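Participant: Sequence:
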Amino acid sequence: MGKADMSTQKSTIVRFKETAKMTAVRTAFGTLERLAPGLGGRWAERLWLTVPPYRGRRADVIPPGEPFTVTVDGRRVAGRTWGSGPVVYLVHGWGGQSAQLRAFLDPLLAAGHRVVTFDALSHGDSDPGALGPRRTTVTEMAAALEAVAEKHGPAHAIIAHSLGGNAVFFALRRGLRAGRLVFLAPMTQPMPYTAIFAATLGFDHRVRARMLERVARRAGVPWSAFDIPSQVPDIAPPPLLTVHDPNDRETRYADSVALAKAWPDAELVTVQDLGHWRLLRDPATVARAVGFVTAGNAGTTGGRAAAG
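Just so you know, this note's numbering puts 251 at position 4 of the sequence shown, and the rest follows in order with no gaps.
Calculated directly from the structure, the hints in this document are not laboratory data. Hints should not be assumed to be uniformly reliable.
[Stated by the list, open to error] Subject to a maximum C-alpha distance of 20 Å in a straight line, what follows is the list of computed DMTMM-like cross-link-like pairs (lysine to aspartate or glutamate): (1) 398 - 280; (2) 508 - 529; (3) 268 - 280; (4) 398 - 366; (5) 508 - 460; (6) 398 - 374; (7) 398 - 514; (8) 398 - 372; (9) 268 - 292.
Predicted, not measured: the structure shown is a model, and the values here were computed from it.
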């Protein structure tokens, strides 16, 4: 048997195992939906709040910079800074790491900004969160951003990917200020995702209702707090750029459309064939985001630096 044949066989076995596992999960959830929705809700909540394995590339290596740590309820959040000037925070999404935003570093430094990144709790080099390893909540991600911003100062701008945008918005509701925002493939209306989650795992409204109750209790806020379009009046919204691919398989393009409609000063950029992850390293997307950030540089001063 040749190497190609062996590789194909292994791939088939892996797919079969994954399919068999999902079938077993769906069967179990279907039973719990009928007989024990409370137990099903507990299991679903645990899965919902579990951070997926990191999907970054080996090439996503970020220069050393100046390391720092802050704490959130005694748990260490690890981050790095580069350069000097008006501060731009880079915020990764659910299951991501700061290295995924590497492509934005050099252009921002060249534009005279200080760049600050960090790994949220239960992500990357940071400590596990309050729920334990590989588990966290959006509110805990927001708390990490707040702690980092308290250490490094006002945000000239924040660039956030995916669910990182929810964390940013929640921090804004709690008093964080930013001059400009860039959301890349954001998830702005979480409830439709819970329906997709339920359909994928094979449970219905009884388990789903209990899952929603448990997740809200863990987060400490109602689900409505994370529906960004409906919550925009609660903040003083800065200028916003949102970038999304209609064929994104992780977050819905409709989320960015709804966000842009609700936000007083928002620009929606539609991209093609970049999906959820490739837009983080797409040169045109990076240039558009950095141009938007630097458009707010009037009246600010800052040094220049190169990553290294």
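Participant: Out of the numbered hints, which ones does the structure contradict?
Facilitator: As far as the earlier hints go, 1, 2, 5, 7 are violated by this structure, in ascending order.
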